[in-house]
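Take a look at the letters that make up each chain.
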Amino acid sequence: MSFWISLLVVSIVVTVLIALYGIAVRPNLVKKVICLVMFSDMINVAVIFIGYRNISNPVPPVLTDYSARGVEMLVSHAVDPLPQAFTITAIVIGLAVTVLMSYGVIHINRKYGTVDARKLARWEE
Amino acid sequence: MNPLIVPAIPMAFAFLLPFTSKFMGRKGVHLYAIAVTLLTLIFNVKLFVDVYSSTIPLTYAFGNWKAPVGILYEADRLGVLLAMTTSFLMFVIAIYSTRYLGDDGIEWYHTLYLGLEAGLLGIFLTGDAFNLFVMLEVAAVASYGLVMFYTEEGYPAYAGLRYAIISSVGTTLYFLALAIIYKALGTVNFADIAAKLRGIPFPISQPSTNFLPLLALAMALTTWAFTIKSAIMPNHFWLPGAHSAAPSPVSAVLSGLVVNAGLYGFMRFLTLMDGGLQKITGTISTILIVLGAISALLASIAMILQDDAKRIVAYSTILNMGYIAIAVGIGTFAGLRGAVFHMVNHAVAKALLFLAVGVFIHSAGTRKISELAGLGRKMPLTTLTMGIATITLVGLPPTNVFFSKLTLYGAYLEKSVLLVIVLIVSSLFALASYMRMFYWLWVRKPARDVDGAKDDPIMGAVLLMLALLCVAGGILSPLILEKLIDPAVSQLMNVEGYIKAALLAGVK
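Protein chains in written order, with my numbering: chain A, 14 to 138; chain B, -1 to 506.
Careful: at least some of the hints might be erroneous.
Computed list of lysine-lysine pairs in DSS-like fashion (alpha-carbon distance at most 30 Å, straight line) [as the list claims (entries may be wrong)]: (1) LYS443(B) x LYS124(A); (2) LYS366(B) x LYS443(B); (3) LYS132(A) x LYS366(B).
Here are some chain A residues pointing at chain B (derived, C-beta under 8 Å) [said to hold, decoys possible]: (4) LEU42; (5) VAL43; (6) PHE52; (7) SER53; (8) PRO94; (9) LEU95.
Treat the hints as calculated values from the structure; they're not laboratory data.
The beta carbon of each residue, even a glycine, is placed where N, CA and C say it ideally should be.
Make a model of the complete structure from these sequences and hints.
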C-alpha cells in the first residue's frame, strides 16, 4: 500500500513541476493554458490526498443515521469530507478561469494570427 | 449590524444585472451601477460606525453554525476601514465610468465591476481563510474580465491573459497552502488558527502533533501567492501590462484597491501567527522587508524609462506596494500603523492619478506622453487635479501621503537607516518621472491639433472631490491617525479579542 501512496506523491510532484515548467517556459499560449489546468488539477488531487485516511471498511462521508452511533460510525469509517468540499469549490472556480482564458487565446489568435508569446510581446500596444 | 450584508449587496445586484439590463437603456445601466455602489457605501458606513463603537469585532456565522464549523464573517476595524475605502472609491469611480466608457458592452462591464466590489469587500470582512480564497478568486476573475474589456484592440486580451495565468498560479498555491494548514491544525478559521497556536481552547478540532514543518511549508506557499497578488518583486511583472491595458477607471480600481488584498492577507496571517511561531513569521518578515526594498528601488528606476503615461503610474503602484510591504514586514505597531495609513492614502491618491491621466487619454485617444503634449493647457481643471495627485504621491506636504510617508519614515528608522535611504531615493526618482510627464503635458507645444479638448464636468467633479480629499486627509492627518488608524491597528494586534469574538458567534 505504501508503495502506491509514494507513487502517487511522486507523480503529483513531478506533474506539478512539469506544469510549472510549461507555464513559465513554453511560448505557446494554448500550452500555457493546458499546463495551468494540469497544475490546478494536480493541486486538487494533492488536496484530496491530504484528506485521505487508510481505513478498513470505508463508508461515504454522508451522515445517514442521526444518532450518536451513526456519528461514531462515520468518524471511524469515513474519510475527511472537508478537503473534498474545498476541491469542488476550486474546480468550479478553475472552470470559470479556464473558460475566460480560452476566450482570450481565441481572441488573440483571431486578432494577430498567432498564439506565440514571443511574437506577441514584440507587438505590444 | 450584520457584516455579511456589505459584500452581499453588490454580489446580488451583479447577478441580476445581465437579466435586467435588457429592460434598461445605457443610462439605466449606469444609474443602476451608481445606485448599487451607493447603497453598498451607505451600509458600509453603518457597519463602519458600529464596528468602531464596539470593543470586539462584529461577527456573522452562516446558518448560525458555531465558529470552526460554519463560515464566519468577522469585521474588525482594519477590515472595515479598508472595506470603507473600497466602497467609497468604487462609488466615485462608477460615476466617472459613465462618461469614460462607450456604449458597447456596458452591462457586462458593470456586472464585472460589481462582482469585483463584492470580492474585495468579502476579502476584507471574512474571518475564514478558505472564504478568503473564494473571495480572492471572485475579485480576480472579475478583474481579468475587466482588463480584457477593450479586447478588440488585441493587446488588452494578451495583457489580461498574462495576468490571469500568473494570478491563478498564485491563488492555486494559496489553495494548496490552505489544505496544508487544514492538515496541520484541523481548521481554516482565522480565529481558530490563532487560538491553536496560542494554546487557547477552541471547539471541535485538535492540531496534529508535529505541525511546525507543515505550517512552515504552508506559509512559504502563502508568501509566494500573496506577493503575486500584491505585485512585490520578483512577482510584479504582470502588473504594468495589465494595469495599463485596462480602461482607466478599471486601472484606478486595480492599482488602488485590488493590490491591497495581498498585503492585507500578509497583515492578517502575520499577526495571527505571531503568538506561537516567531521563527516562521520572522523569516517572512525579513523576506518582505528585502523584497519590498528591492521592488521599491527597481520600480522607481523603471518609472523614469517609460514613455507611456499609464505605465508610469502602474510602476508607481509597485513602488508604493514595496513601501507597504516593508512596513508590514517590520510588523511593530509603528510599522503596521504606517502600512495601514499608507494603504488608505495610496488608494485615494492612485485612483485620482489614474482617473486624471484617463481624462487625457480619453480625450487624445493615445497613451504615449509625447502625443499628449500640450493637452494640459486645454484642460486646466484636470491638470490641476493631476498636479495635486502627483505631489500627493511624491509625498509633499500638506497632502495625505506626506504624512503617511512620515509615519513610514519613523517605522523604518527603528529598523534600519538603509530602509530610509530606499524611501528617499525612490521618492526622488518618482518625482523626476512625474515632472517629466508634467513637462510634456504643460510646457511642450502641442504635437497635433488639440483644440477640441476640454474639461468634462462630471469627470472633473469626481477628480476635484478626490483631490480635495487628498489635501483634507493631509491637513486632518493627526486626527485620522488617532481616531481611525490607531484603533484599527491596536485591534489587529489584539488577537485574543479576535478569538473571543469568534467564540461568541453563532448559536448561543
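### Query
Failing hints, ascending?
The structure conflicts with hints 1, 5, 8, although it agrees with all the remaining ones.
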